[in-house]
Amino acid sequence: MFKDVTLGQYYQADSVIHRLDPRVKLAGTFLYMISLFVFNNIICYLVSAILLAVVIILCRVPVGYMLKGLRAVLFIMIFAVVFNVLFTEGDIIWEFWIFHVSAKGIKMAILMVIRLFLLIVSASIMTLTTTPNRLTDGLEMIFRPLKIFKVPVHEFAMMMSIALRFIPILSEEADKIVKAQTARGAKFDSKKLTDRVKSLIPLIVPLFISAFRRASDLALAMEARGYHGGDGRTKLYPLKYAARDYISYAVLLLYIGAIVSLGITFSRLTAFLLQFFAGSHLGTVLFWLF
Amino acid sequence: MDIIKAENLIFEYKRRDEDGNIESVERALDNVSLDVKEGDFISILGANGSGKSTFAKHLNAILLPTEGTVWVDGMDSKDEDKLFTIRQTAGMVFQNPDNQIIGQVVEEDVAFGPENMGIPTEQLRERVDEALKTLGMMEFSKKSPNRLSGGQKQRVSIAGVLAMHPKCIVLDEPTAMLDPAGRKEVIRALRALNEVEKITIILITHYMEETIYSDKIFVMNKGKIAMEGTPREVFKRVEELEEYKLEVPKITLLAHELWKKGIDIPECILSDKELAEALKKLV
Amino acid sequence: MPITADHLTYVYGGNKNLKTTAVDDISVSIDDGQFIGLIGHTGSGKTTFLQLLSGLIKPESGTVLIDGEDIFAKNFDLHSIRSKVGIVFQYPEHQLFEETVFTDVCFGPKNLGLPKEEIESRAIEALRLVGLDEGIYSQSPFELSGGQKRRVAIAGVISMKPKFLILDEPTAGLDPAGRKEILGLVSKLCREQNMTIILVSHSMDDVAEYADRILVINDGKLAIDAPPREVFNHKDELESYGLSLPQVTKAMFRLKESGIPVNTDAITVNEALSDILKVLK
Chain A
0 MFKDVTLGQY
10 YQADSVIHRL
20 DPRVKLAGTF
30 LYMISLFVFN
40 NIICYLVSAI
50 LLAVVIILCR
60 VPVGYMLKGL
70 RAVLFIMIFA
80 VVFNVLFTEG
90 DIIWEFWIFH
100 VSAKGIKMAI
110 LMVIRLFLLI
120 VSASIMTLTT
130 TPNRLTDGLE
140 MIFRPLKIFK
150 VPVHEFAMMM
160 SIALRFIPIL
170 SEEADKIVKA
180 QTARGAKFDS
190 KKLTDRVKSL
200 IPLIVPLFIS
210 AFRRASDLAL
220 AMEARGYHGG
230 DGRTKLYPLK
240 YAARDYISYA
250 VLLLYIGAIV
260 SLGITFSRLT
270 AFLLQFFAGS
280 HLGTVLFWLF
Chain B
0 MDIIKAENLI
10 FEYKRRDEDG
20 NIESVERALD
30 NVSLDVKEGD
40 FISILGANGS
50 GKSTFAKHLN
60 AILLPTEGTV
70 WVDGMDSKDE
80 DKLFTIRQTA
90 GMVFQNPDNQ
100 IIGQVVEEDV
110 AFGPENMGIP
120 TEQLRERVDE
130 ALKTLGMMEF
140 SKKSPNRLSG
150 GQKQRVSIAG
160 VLAMHPKCIV
170 LDEPTAMLDP
180 AGRKEVIRAL
190 RALNEVEKIT
200 IILITHYMEE
210 TIYSDKIFVM
220 NKGKIAMEGT
230 PREVFKRVEE
240 LEEYKLEVPK
250 ITLLAHELWK
260 KGIDIPECIL
270 SDKELAEALK
280 KLV
Chain C
0 MPITADHLTY
10 VYGGNKNLKT
20 TAVDDISVSI
30 DDGQFIGLIG
40 HTGSGKTTFL
50 QLLSGLIKPE
60 SGTVLIDGED
70 IFAKNFDLHS
80 IRSKVGIVFQ
90 YPEHQLFEET
100 VFTDVCFGPK
110 NLGLPKEEIE
120 SRAIEALRLV
130 GLDEGIYSQS
140 PFELSGGQKR
150 RVAIAGVISM
160 KPKFLILDEP
170 TAGLDPAGRK
180 EILGLVSKLC
190 REQNMTIILV
200 SHSMDDVAEY
210 ADRILVINDG
220 KLAIDAPPRE
230 VFNHKDELES
240 YGLSLPQVTK
250 AMFRLKESGI
260 PVNTDAITVN
270 EALSDILKVL
280 K
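Protein chains in written order, with numbering that gives the first Met the number 0: chain A, 0 to 289; chain B, 0 to 282; chain C, 0 to 280.
Source of the hints: derived by calculation from the structure; they are not laboratory data.
Every clue listed holds true.
Just a few of them, taken from the derived set where beta-carbon distance is under 8 Å, the chain B residues facing chain C:
no., residue
1, Asn47
2, Ser148
3, Ala180
4, Lys244
5, Pro248
6, Lys249
7, Ile250
8, Leu252
9, Leu253
10, Glu256
11, Ile262
12, Asp271
13, Leu274
14, Leu281
15, Val282
Note that CB positions come from ideal geometry on N, CA and C, so glycine has one too.
Only chain A is shown next, with the shape it has when bound in the complex (with noise of 0.2 Å):
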């Protein structure tokens, strides 16, 4: 029930991508996303995607194993496409009641798919490439400016590296939980809602009660190992820029600019085509195309 939480885990292999600094990947990352949002057209996701396949294959992780954690989202994906297909406004193709359905709205739930499709692949093999630690380190790196402000960066770096390293151990206790109230008797499968809520009391309160003890023997033993905040901590491995890293600045910054300047100039030569070939069947393929 709980155990198929692969979202966020690390998975080993030797690999570049695995190697990159975590700066790189996350910064990557989230222009890669940015990337995905500001052009709709498929040129401009062809190149995208033929990114994503070089990075991976870089990385050495299994695609099968990749794509068992597209599972967990598949819900919204659907979601996605039925509410674009069926909203989107423009030519109609198909009407019933309030729902109509428009070329647009088939090329958009087309584009959405295949959007949300990378986005969850590129930051999936953020997690799977990164040690949570090295993520943290690398977002506390980043972040760092922000202390002037008092943002306590090192602190909410921990949290969250602790946070991943217990999601685990804590899924594996609420199954256990579950099965031990099943065994007395308990009921999580009930048809109506508010039994269904009341009947997670019984596994919720115990996971609570676990999760603070779990929490204060961490503290203790953290307090035990000499922990005080970040101030004077080295680091196992520090964070240093290395020639792969500074290489895939420069592809990511090359991916930016190819993306921007593909996305202007079809966005403008589309329009300016379509308006002599509008109703032609060239002007059909353009508005699938871009």
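Based on these hints, arrange chains B and C on the given structure of chain A.
Only chains B and C this time, still in chain A's reference frame:
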């Protein structure tokens, strides 16, 4: 010099009501005095609630005495300036292996203590590898702690303390949640640390078998030191131990019963080898 | 009626490469009133086996029969076996959740849909059986000592009056006196309440002392099924499974090796004692 010295140590847990008034006072440690020589392997035995965990937490300045004093390597645990030196001198390992591993990867966890001490990066690498090698966990250095067995997790925790280069390691029931194989693993590691690295070990447990190799055993009962001595001196007092909700190893019990029946063997026997030797003379 | 496992097999992990057979073709029948000791090293599949027996997970193949009924059959209502098979997990005190000891113990019987008087009388009976006195009924279970919490949790299971009581290392983390108390309680439930007990333990001394039949599980398979004395005579086999002998049995083997003519089938201190005395006289 004594690495640990406690003098008339008293500790009280105060329970307060909603207005902050003291509702009840529970005395967890009642006038405990003891010395531990550097390089010794010490065991502290006691039933649940006998105060042994509370005592352990004093050795690392996690708890401070209500009355009396604890010295760790000559430093008064109440001296705030020495707090981090004390915690580095007397490292601590706890019971639940899952709740004391901070890192997501074994080596990152082992580095946590020395990182807090501000050890430069190059030396961190050395310390981590050295600690992992000593505990025989080098091959797991890049693994997630969640994939390890209980015994292995505890060895990681010990490595994490060892990387801080302590003079003394205090272990609060490190084997209570482990299976027999894991318990053996941990005890063997501790004996090696004591014999080879000359690190003082203070092992808190309620498994008697684990303590037979100690230089000295302290038995706690209701917040007091009820017995102290070598394993042989302590384990021959079978009936008294039972009063403190403890029991002697089955071999020792068997030998004790034979001795009571008038068989001419030593009063306290700790292993089956000793028993065989003693009985061979009689057959 | 007995509880029977019939060619029970359970496989972990959907991914083909990661698949491990946790329980591999186990067939065994346990009669009413027996005290079964279940041993096997960590990861041998004992916990999975227990969860199958209590219908908490479904097997890949094979089935479990309780009172002659196939509990994994399509139309079978699994909820109905909760009153027959009770399971006490490791560290059962971690499932306590109610505000008072008493209401927590009532949780099980309440789920069975019993009338209020019956629920309460069962809770009182269960709390008495585990030796907790009335003074703590209205206390929060979280304020009790470790040993008391564990007894409340066990009461929460036996208040459902199961015929089969499965306990997964019920003594873990307790001190010697606490261990003795819990094991004494379990053996009392077997003798006085005629419950069938399946006790998982890492302590060979404990199963040697209490069980009248031992199941040894290794690598998901049922490796040995015999009375304690017989099981502990398979010294080499047990060691190859990562298990050991009761301390006294080990000592008796040692004595024999050094030329003292004792029997090696003693499994408790008293047996060893009389055996050694016989040899010396």
